[in-house]
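Top line first, the protein sequences correspond to chains A and B. Mapping of the first sequence onto the numbering used here: position 49 corresponds to residue 276, and the numbering continues sequentially without gaps. Mapping of the second sequence onto the numbering used here: position 114 corresponds to residue 98, and the numbering continues sequentially without gaps.
Some clues are possibly wrong.
Beta-carbon label-pair distances, calculated as ranges [stated by the list, open to error]:
1. B:P188 <-> A:K415: 23 to 33 Å
2. B:V309 <-> A:G394: 39 to 49 Å
3. B:K112 <-> A:G353: 26 to 36 Å
4. B:G301 <-> A:E232: 53 to 63 Å
5. B:K227 <-> A:R247: 44 to 54 Å
6. B:R191 <-> A:L367: 32 to 42 Å
7. A:K415 <-> B:R191: 21 to 31 Å
8. B:G33 <-> A:G322: 55 to 65 Å
9. B:K112 <-> A:P235: 15 to 25 Å
10. B:R307 <-> A:K415: 46 to 56 Å
11. B:A173 <-> A:P235: 45 to 55 Å
12. A:I366 <-> B:I47: 27 to 37 Å
13. A:P333 <-> B:F105: 38 to 48 Å
Quick partial rundown of chain A residues pointing at chain B, CB under 10 Å, derived from the structure [stated by the list, open to error]:
14. I336
15. L383
16. P387
17. N393
18. V398
19. L423
20. Q426
21. P428
22. W431
23. D436
24. P439
If the Cβ cut is set under 10 Å, some of the chain B residues that face chain A in the computed set are [to be verified]:
25. G100
26. D101
27. M125
28. A174
29. P229
Source of the hints: derived by calculation from the structure; they are not laboratory data. Cβ atoms here follow ideal geometry from the backbone N, Cα and C, with glycine treated the same way.
As a plain string of letters, each chain reads:
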Amino acid sequence: MIVGEQKPLEEIMNLLGDARRVLVAGCGTCVTVCFAGGEKEAAILASALRMKSKLEGHPMEVDEVTVQRQCEWEYIDPLADRLKDYDVVLSLACGIGVQAMNERFPDAITLPGLNTTFLGLPEEHGIWEERCQACGDCILGITFGICPIARCSKQLLNGPCGGSQNGVCEVNPDIPCAWQLIWERAMKFGQVERLLEIQPPKNWSRSRDGGPRKIVREDLRLPEEE
Amino acid sequence: MSEQTNGYKSGSNLEKLLRAGHFVVTAEIGPPQSADPEVIRRKARLLKGVVDATNITDNQTAIVRMSSIASAVLAMQEGVEPIVQMTCRDRNRLAMQSDLLGAYALGARNLLCLTGDHQSFGNHPTAKNVHDLDSIQFIRMVRDMRDEGRFQCGDEIKGVRPRFFIGAAENPFGDPFDFRPYRLMKKVAAGVDFIQTQIILDIPRFREFMKRVVDMGLHEKVYILAGIGPLKSAGAARYMRDKVPGMRVRDEYVERMEAAVAGIPKEDKKARKEAWEREGIRIAIEQIQEIREIPGVAGVHIMAIEWEEAVRPIVEGAGLLPRPVVE
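Please build the complete structure, drawing on both the sequences and the hints.
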């Protein structure tokens, strides 16, 4: 899932500037699961904004709404009528949701209340870790199910760098060395020889480096209306 | 092999000496965090005639310094053969190849292909890193430029090819330990000619690593230079033991450095410094003598970081002067 983290209140206040009427828009999918931008967080943030703006002497009217998915037109379209009542929408969705709102409602300004952090999972309650970089060319099949693009600080494809020690990354002892994990999996399955093959330079053009990406599935497209 | 290089891969002094079977000595020069050419010249003069070639580091520990290629040219002007270090951290494959063409055109003949320390260690921790290639892919690219006359994309190099003697690093103290010799094997398969190891302050572990390397026959395919890092103080020894990722320092070295200043009052900083430096140099000399006897070791690489003055007494003390000359 997409993992996000709420921006500091101070930063949000700065973004809102002198807006008087604010709609906080939560999202019911990924950011709800990671407790960053769901219905509950939207309500808490809305009330924090009301209090803070009042304390600072320029009270805002803040309402909140949460849609099932801010990244799909059908879920955000019903908001259309409400938006004219507000100076600004503060979205608690990921960056996709924020952009969807701006794209679908070009006359309204939607600002981000979250930092979209990574694609990952809850390792345990209250801890999320990155697992995927959406590089567009999955190599998990040759790295025993552990991604060095997302989990090695240097995105190495041919084994660990010299900074791997005691199972952790040189960057931070809280980061497990991806290549240590890959090596252990290879050992477990008795397939170390698969790691001895030289992996050629990666084709980054399928990643973000090739420019913004797009998928067109002709088999799924609807016929154009007459 | 080409006519221009008389049957050598690059024709560098380092390559010729290794090929002739000499026990080689390399050192390193860290470029300044300024545009002052005199820093390189001064360091180069300290090393001239003392070592066979000297590494020129590339923004080491991710701190911005004078370009390794520019510094290498300055070193050559002082009569010191450079080993240009290049990391995968700061350049993509276009920039790497372009700089390799330039470095060769300027006379550099040795190259050390590195992954690079993570930028979070340096003075620009908010920088974006590159890592378009990893060090093994980098080695293969340089070899293909030299031996196949092709750029990484497959296009032919029309005209002069950059013919580097290709080096890489290996850390016998990194983990997973069992993977390390295989990683070296991959570097050999990619086309590396020589290896410089991480600073060795755990000789038994290095011995075990070399045993595996020799058992795999890798020492016959690549020249391995053992990393020597003279200790400057007890604090430095403790720091390397406790804080530097990928390093292993046996307690005996820390204890020897601590004992070196026993009886010297803390206020007498000069006497303590001198005592530490004497002991650091003595340890380095002893290490070279011990490591020389380990099968598969073709030379030493002395990393006297910001202490280039230590290199001559170490090389001299180890009985490695004068340096051999080959034509």
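For this session: Could you check the structure against the hints above and give me the numbers of any it violates, in ascending order?
Result: 14 and 24
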